[in-house]
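Novice: Listed here are the chains, written in short residue letters.
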Amino acid sequence: MIDRHLHHATKLGRHPSNFRLNGTPVITVLLGSMVTALPVIAQFPSMPPFGLLILLAWRLMRPELWRAWIGLPLALFDDMLSGQPIGSAMCLWTLMLIGIDAVEHRMVWRGYRQDWLIAAVAIIFCLAGGAFFVHITGGAPIKLILVAPQMLWTILLFPYIVRQCAGIDRWRVMA
Amino acid sequence: MARPPSRRPGHNRKAQYSLFASYVVAVTGAVVGLLLVVVAIFDPTGFAAIRAGTAELTRPVSTGLRHMVGGVASIDEVLAAYWRAGSQNVALRRQVEADRNRIIEAKGIAQENARLKKLLKLVDEDQSELLAARLISSSASSARRFARLNAGNWQGVKAGMPVRAPEGLIGRVFTTTPNTAEVLLLTDGSNIVPVRRTNGNIPAISTGLGDGTLEIRALSAGRNPFKPGDLLVTSGIGGIYQPNIPVAVVVRVQGEIAYGVPLANPSRVDAVVVERAFEQVVTRSEAEAAAPLEGPAADDATAP
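Chains as they are written, first to last, in our numbering: chain D, 17 to 191; chain P, -15 to 288.
Just chain D, same shape as in the assembly (with noise of 0.2 Å):
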């Protein structure tokens, strides 16, 4: 074999399993989202939600894949580790996947720069939003300095995770 890469061309004809092909993604999510189970005493909100950054990173690179109501099951799962009140995520991510599917066509050129604009916007909007709804339900008052470190480096992780996104990805279809 010349190229190590081309080791799957053997199975050509075969197709990976449904569950494979359709589980993978969700349970990277889900398992992006039990990231808060690691044993970390945090002072202040310093965590990247890493289950919005997995949805995000699937669904700009797989438009294909979900449609809008996939944000309300992965959400749900998220509200209950996130220690947010249940129905803060569900709400958001699910506005945040409608608002993508609406602005996606109104940009004439897509590219990487593109893809990481779209969602340092809707990193934004999920952790300002999660800060808002834990104020309105008794949390401190909004201080978006105290989510603002945050905000820097979930946006700054974004790129990471697309790149470990896109080599399951590569996993996920290949039979």
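Each hint should be verified, as a subset may be incorrect.
Claimed, not checked - Listed next, with one range per pair, are the computed distances between beta-carbon atoms: (1) P:G48 / D:W125: 43 to 49 Å; (2) P:D27 / D:L37: 53 to 59 Å; (3) D:Q180 / P:L76: 44 to 50 Å; (4) P:G184 / D:F148: 38 to 44 Å.
No wet-lab data here; the hints were simulated from the structure.
Cβ coordinates follow ideal geometry from the N, Cα and C atoms, glycine included.
Please build the complex by placing chain P on the supplied structure of chain D, with the hints as guidance.
Specialist: Quick look at chain P alone, frame taken from chain D:
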């Protein structure tokens, strides 16, 4: 790269309806989510039962990892201990000798205290400690400050119980599941603790700011009585928290408000103690017990 292909399904009616239905479901779901948040405004612990499943599911993972991380996190401390070990040893030895005298004095005071309480017929039931447990994870990505405790309903933990570490107050139990409990940390915006300054006995209210610090407002009118370095302990007013649990140290004063830092850092404490909610109770002698207890009697209990 050109933009991705349009989602519009062309003339296929079935595909059009399916796409439309998916948006209807999504919008309805978003509205339901919003309603759930609105419900949470009035009943913050209402949907705690939904969380039980995931909390129980992730508990073994968090507990297992906690043991590993504990070992890794303390490596720097171990290494730092070797730095200037000799001079540190001498200093610590002197400290121990100084402390020994203090401990003997304190024991004497404790005995005297017990004797005086007996004279006053005050029965100080100190059965406040319920159990010791560990904090295993937290709401690290949320603006709320919750930590998850490795003990729950089945171990006797109930909502509202105070949680403390040897260094100071950690918070109180917010919700429970069979084997885990969510602890509302001291630094959460909705955690309000009645405190007093150790010298001068000035009552104040401590509120979390969500960023690891506390906002402390004196209850007395007039100018701000706090200065940096003041120690704050719980006052026991209003129940829940036992009096005299260390809470915070004031670091900055700005106008009417003082800012404090909690004495117990939940990410560094090894184990925490769940205590029974504090109630001001006074037991009188038999003769007086026959008569109904009067209101002012409760005030005596706070005096040591």
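Novice: Identify every previously stated hint that the structure contradicts and give their numbers, smallest first.
Specialist: Structure breaks hint 2 only.
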